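Residue numbers (our numbering), protein chains in the order written: chain A, 1 to 319; chain B, 1 to 494; chain C, 1 to 344; chain D, 1 to 344.
Worth double-checking, as some hints may not be accurate.
Taking lysine to any residue and the SDA-like style, the derived pairs with C-alpha atoms no more than 25 angstroms apart in a straight line are [stated by the list, open to error]:
{"hint": "1", "chain 1": "C", "residue 1": "K175", "chain 2": "A", "residue 2": "T84"}
{"hint": "2", "chain 1": "D", "residue 1": "K162", "chain 2": "A", "residue 2": "L41"}
{"hint": "3", "chain 1": "A", "residue 1": "K61", "chain 2": "C", "residue 2": "A330"}
{"hint": "4", "chain 1": "A", "residue 1": "K61", "chain 2": "C", "residue 2": "E317"}
{"hint": "5", "chain 1": "B", "residue 1": "K175", "chain 2": "B", "residue 2": "K186"}
{"hint": "6", "chain 1": "A", "residue 1": "K228", "chain 2": "D", "residue 2": "K175"}
With the Cβ distance kept under 7 angstroms, some of the chain A side facing chain D (calculated, not the full set) [what the hints assert, rightly or not]:
{"hint": "7", "residue": "L27"}
{"hint": "8", "residue": "Q28"}
{"hint": "9", "residue": "A33"}
{"hint": "10", "residue": "T197"}
{"hint": "11", "residue": "T199"}
{"hint": "12", "residue": "N203"}
{"hint": "13", "residue": "Q204"}
{"hint": "14", "residue": "A222"}
{"hint": "15", "residue": "E225"}
{"hint": "16", "residue": "K228"}
{"hint": "17", "residue": "E245"}
These are computed hints drawn from the structure, not numbers from a lab. Note that the structure is a prediction, hence the values are computed from the model and not measured. Heads up, the beta-carbon is just placed ideally off N, CA and C, and yes, glycines get one too.
Chain residues, written in single-letter form:
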Amino acid sequence: KGKESANAAPITGQRRKLRAAIGNAGLQSTWCALGKTTAELWGGMLDVEVTWFDGAFNLEKQRSEMERLANQDWDFVAVQAYQTDFLEPVVRKFKRRNIPVISMDTHLVALERMREVGVWMQIEPDQQYMGRTSARYLMEKIGGQGKVIHIGGASGHSGAQGRQAGFEEVLKDYPKVEVVGGGVRWCDWEKEKARSTFTALLNQTQDKIAGAFFHNDDMAIAAVEALKGSRHEGMVVAGVDGQKEGLTAVRDGRMAVTTVNPACLIHMTSLVIGQYIVRNGEKMEDLPMRVVTPGPLVSKDTGNIEALLYMADPTHCLV
Amino acid sequence: MLLTCENISKSYSGVEALRQVSLQLRAGEIHGLVGANGAGKSTLMKILSGALSDFKGTITMDEEPILMGDPHEALAHGIAMVYQELSGVGKLGVAENLFLGRQPQGRFGFIDWKMMNRQAREFLATVGLELDVTRPLESFSLSIRQMIEIARCLQAGSRLFILDEPTSALSPPEKERLFQLLAQLKEEGKGIVFVSHFIEEVLEICDRVTILVDGRLRSTLPTAELSKHEVIHEMLDGKDMSTEEAMEEAVQLPPKSHEKPLLQLHSLGLKGVFENISLEVSPGESLGLYGFVGAGHQELAHCLCGSQKADEGELTWQNQLIPLPVPHRAVQMGIAFVAADRAASIVPKEENFKNITLAHLDTAIGHWVTPAKEIAVAAPCLEKVGCQPPDPRRKTGSLSGGNQQKVVLGKWLLDEVRLLVLEEPTRGMDVGAKREVMELVRDLKNKGAAVLIASSEPELLLAHADRILVLRRGVVTRELFDCRVDKAELMRHA
Amino acid sequence: MSSYKSALRHHARDLAPLATLLVLILFFSVFTSGFFDLYTFSSVLKQASTRAIVATGLTFVLLCAEIDLSVALVATLAACQMGVLYKWILDTGPAVLSAAAPDGTFTVSLAGALLVLILPVLTGLFVGLLNGLLTVWSRLPSFIITLAMMEIARGLASYLTKGAQYPDMPGVLPKAANEGIFLGSSFELPYSVFVCGGLLLAAHIVLTYTRFGRYVYMTGGNREAARLAGVRTGFVVVVCLAICGMTAGLGGLMNAGWLNSAGVNQNQHLLLEAIACVVLGGTSLFGGEGGIKNTLIGVLAFTVLDVGLGYVTWVDEFLRRSVMGLVLLAALLLNGQLAKIRQD
Amino acid sequence: MSSYKSALRHHARDLAPLATLLVLILFFSVFTSGFFDLYTFSSVLKQASTRAIVATGLTFVLLCAEIDLSVALVATLAACQMGVLYKWILDTGPAVLSAAAPDGTFTVSLAGALLVLILPVLTGLFVGLLNGLLTVWSRLPSFIITLAMMEIARGLASYLTKGAQYPDMPGVLPKAANEGIFLGSSFELPYSVFVCGGLLLAAHIVLTYTRFGRYVYMTGGNREAARLAGVRTGFVVVVCLAICGMTAGLGGLMNAGWLNSAGVNQNQHLLLEAIACVVLGGTSLFGGEGGIKNTLIGVLAFTVLDVGLGYVTWVDEFLRRSVMGLVLLAALLLNGQLAKIRQD
Ligand SMILES: Nc1ncnc2c1ncn2[C@@H]1O[C@H](COP(=O)(O)OP(=O)(O)OP(=O)(O)O)[C@@H](O)[C@H]1O
Ligand SMILES: Nc1ncnc2c1ncn2[C@@H]1O[C@H](COP(=O)(O)OP(=O)(O)OP(=O)(O)O)[C@@H](O)[C@H]1O
Ligand SMILES: [Mg+2]
Ligand SMILES: [Mg+2]
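Looking at chain A on its own, in the form it has when it is part of the complex (with noise of 0.2 angstroms):
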């Protein structure tokens, strides 16, 4: 409804207030609740109205949220899908509807299928990249060699499944360090579980642990409290995600680097494209399937931490 003299409307001027169903996998942690933040502040700017639904970590609900919003009018929704092909079938009533879905990091299905389902675009930071990043930056730290502990997020999610190969694609270059434990240890994002991981692993050698890498910030900053007192202290530490608190770790030297995800970035984006989309009347088959959003590394060496801080502010929500 509306559609034409949507399209016709020009970007400049007189502009039609959008609607927008906006949502991510689940508020409880921080970067989805950047994400809203995101799209509202970006939204008001752009004069699209965003409707903000939570999946709640759970999939049942964010399926549930997703049926309800089906069944009403958008110009257009963006979602962060907490896991791959369960929104599959909503989604397909979207596109029957004719109204243009954009999925946000995790992939709503697999690449090939996504145009047939009704995806229009994949916004996504580069999971294995940030991996590769931040180990690097730990490999060298650590003269690359030595031992180090990989805490990884859970198994089944494609950003860890990501980082995870990110992290052991730069392991292959540094054949003189050990993982402990034999390889990466899931701990399902969960800090506690993170925090007693890492504390079981230290003591299972006698030596001096080198470094540590940690599919997430929130995750590592939990860990590295095990470290007061131990004969490890100093031990390097990398993460993950690159938000405020991350940030701050790097600041105080409780971290020694992060990569950031972009979380702004991606929500921002996808907004200015999903109205680009609806006001210029972007055709799908016109759009790349695909787009990238860049994350930096992040260290005391870098010197983009304040810079970071600064954009990374819920006040300013640009990465």
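On the provided structure of chain A, position chains B, C and D with the ligands as indicated by the hints.
For chains B, C and D with the ligands alone, coordinates are given in the frame of chain A:
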């Protein structure tokens, strides 16, 4: 011989309840079983009905040894039992309780509810009950539930019927009806075991009687040549006996007390049970409330102590008009309540001393509760009430029914009792224990406590009440004092 | 009291959940826009299906005064097993289980599909049986036996899937859970309604019209009395827990169909939701009271609450969970108060 | 039977959990490398602290035959409240609550820190009180009241934090939870041991040597009997649930200290863990049996199991949860069988 058991022994975690008991039951006879509290009657009967499994000894039926230990098996052999503690599933309807486990099935093996309800109505009619068989069992009064329980047993059994104290909750007409039914079954050649503390009843309907003492078989005798005295003598192992025998004759009730009443109850009402009941009781006086089971006298006792919430009414306590108390207020006021339902009176998993000190922890023990202090207080108390064994560390749940009751009474003796309210205080107690318990009550009365006894046992009230109120269906029909009354007179008003 | 009033009082306990359901529907219809719609009604039915299936088995368990905390993870285990099995057949399975369709898409034979659907349900049955046997044998509360079993099932599910997602399954599952028959132009009656309806009806008949069903009530109402009446209470408990395991498995498949994939992350809230459904329906946690009628209403009430809250836009997104809790609490209290009327 | 044997039998129920604990320690010492070590022992103590605190309150609740399913989320709510409060004081709080230290780092005054620490515990107390009052008033099982309260607490915690993590808190918390006194060169006795020890001791004294404690046992043992003996059982239940709420709040703070951050995503497994701890210790779910001694042993046994499994390298990563469940089940069954010995 219908059923023979030989050398049955059973012990509960080291305590021997039955030692080498042998018993022979004939078809076409009613066999009485008597014994003091804790003698092992219920234990023996539970073994026969398969409710208890690990025991020693053999059981043979029709000269064939049978394996026992499962109620299912027992029922298959045609043995059914009425248990001393009411069983039945309260939330299910009467009809279902009657056919517990044997609902009639219709087409495709589905339960035929219509048929079940009809059969239940018909069967209950034969035992003299007419009621809505679809209502949940728990909505009926104790006596009706007892009758339903008996009916269930009669319905389920085919050859041997065991009734453990079936009459303790029945009113006289109901009891008569039961006895007629038993006589009829006997005619039909069934075997019946009848357990009771009412020796007259046993002598009245039984052909032979077996006496248990301390888990041992004392003797099995034909009832024809027995007197009540002889039975009691055997049962109590020769201990002296002089109790309510006199109650066969009329007693003289004293005139009304002139002391200022301790408590006056004004127009107490409980919807559907009783209404507009007023009474008073003075210190040192014992007021009896008599009625058949279900007359409302028992609920009255509950309302007075706050155990049940009355719909209306208030009371004057030492000249002060106050609303009816909640239980903890009542305890503070010095009202001690001994309920008939033992399951609601003791904490079975806890030791005796904890049960004894529960009501008066504050006054008797003080701020810091230590077992040593408590045992020091509880041990003499257990001695005083004559609990057997008087071991403060024993779990109360492992005592026999009568002894549990003594513990319940004992818990009130740790502090001053101003009003003692007893609901069927001696239900299921043997003659000896009954006397001991009532002696304690008399003691308290002599020390100046007011006593209120709600009971359906006329003998008890005639022996222990100074004044008796008779209730019928929730209405006081008669107040008796300063006159001669006997059992018949009492029952006439009820 | 007139007999009409008396009947009303007598049934207050049964009517309370119905009243709750109606109040909830009314509430959401008045205070939200978009809720009162045939589309919503259809999605309530779809979303209720997993809960209804799982709650059916749970009703048996609660009626006999036990509990099963493992249902959600048994459901997940069954779903994961199905996913893994299907993939195995597709990849390396024997010829009898796979069949090449002319269009190249359908590559699992009927036998294979049946295996894929039946084996997980049997797994659920087996876990339930184990729950039952352990509970009866050890005489420990089912609460802790099934708590431990929950962790075991969780571990097995992770082990089977290695944390991965399995998006392929016999087409009948997603179809049953997501599609339906259109009655008129806008109301879709989901196929899952027939599955749930059949199951609920069967359970209702078993509980009401068979001896076993009545034994369940007796065992829950007074286990000792039931035992003395010759009921094999141990057997009853084992069977109830086994049934519950089986329905949990079935529910897991249904949910996998709805979500179009199988993996360890699903059914995370299923346990609490299923319990809430049964209790909201008025079945007692202490056994012997309630039934399938109650469960049906409870499931509908809970799902209306769940779906309806999504339409409430005037509540802060972050507070939504609180509102859910509050409304649930209110519904339970209302239920409780209505049920009390009868007793007065 | 000799008196020695009889004493052993009498205490079998109490000894069973201890035996379980020893078996677990032995098992991990023999079958893993690195477990039997003072360092491990110290980290067991650190990790046990939150569970010990929460389980203490839960013991009161289980002893009086109720349950509290809201503990984990109450803990989270308290932690989040603490984090938000601290940040508020730092950012915009009144002068009396903030103080600039010379080095510029510590900027919350003692009064502020106390407020930050005490208010969340009071919140826990308040929620617990509400649980208790609603349970007693409505006469519904605490199971469902606290189930609903769990959702409410979850929503409030999300609302307070808006999903963010709060890494700042009064320094005493991380210090207490993570640091300790070195006894010798390698054994660190965590400060949290003193907190837990004090709490457990106080609870033990209350339960064993005070009237209130006795009333708790009696209320759990037979509520009607206790009521008729003048015990205000409603009051007892309310107080137990309030205590449980309070300890849950305290446990939440301790865990936040341990993790050095506060957010809604912590304490996810705390409820089941705390219940498992209490039950593993031998406290009955049906009231009246058990106590703080049992809980202490249960917490240690569970934590040894949890920490020990981390050292087990010969188990597939994905099967770890299953092993946890299996060992838990074995421990519970062992417990149950040992406890039965006495009864025979
Ligand atoms: N469950 C039990 N656990 C331990 N001891 C028990 C148990 N039940 C009964 N006893 C003991 O067994 C003995 C016999 O008890 P039983 O109940 O058979 O007596 P009874 O003759 O029926 O007494 P009453 O007339 O009081 O009913 C008593 O000493 C009693 O303490
Ligand atoms: N829990 C209950 N719920 C519902 N109705 C009850 C309940 N308890 C008792 N009643 C009913 O209240 C009335 C009075 O009960 P009561 O216990 O005094 O015995 P009764 O059955 O009336 O005996 P009778 O008619 O011989 O006096 C009865 O109709 C009884 O069925
Ligand atoms: Mg007996
Ligand atoms: Mg009556």
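Holds or violated: E245(A) as interface residue toward chain D, Cβ cutoff 7 angstroms? 5 angstroms, holds
Does the structure keep K61(A) and A330(C) at a Cα separation of 25 angstroms or less? Measuring from Cα to Cα gives roughly 22 angstroms; hence the hint holds.
So, as I understand it, the hint says E225(A) touches chain D; can you test that by seeing if any CB pair is closer than 7 angstroms? Check passed: Cβ of E225(A) comes within 5 angstroms of chain D, closer than 7 angstroms.
Hint status (Cβ of L27(A) to nearest Cβ of chain D, threshold 7 angstroms): 4 angstroms, holds
Residue hint K228(A), partner chain D, criterion CB-CB below 7 angstroms: 6 angstroms, holds
Under the criterion that the straight-line Cα-Cα distance not exceed 25 angstroms, is the pair K228(A), K175(D) satisfied? 10 angstroms, holds
May I ask you to test the interface hint for A33(A) with respect to chain D, counting a Cβ-Cβ separation under 7 angstroms as satisfied? 3 angstroms, holds
Is the hinted pair K61(A) and E317(C) satisfied, with a Cα-Cα distance of at most 25 angstroms? 13 angstroms, holds
Does the CB of T199(A) sit less than 7 angstroms away from some CB of chain D? 5 angstroms, holds
Tell me if T197(A) is really an interface residue toward chain D, meaning its C-beta lies closer than 7 angstroms to one of theirs. 6 angstroms, holds
Take the C-alpha atoms of K162(D) and L41(A), compute the straight-line distance between them, and say whether it is at most 25 angstroms. Holds. K162(D) to L41(A) sits at ~15 angstroms (cutoff 25 angstroms).
For K175(C) and T84(A), compute the direct alpha-carbon distance and say whether it is at most 25 angstroms. 19 angstroms, holds
The structure agrees with every numbered hint stated previously.
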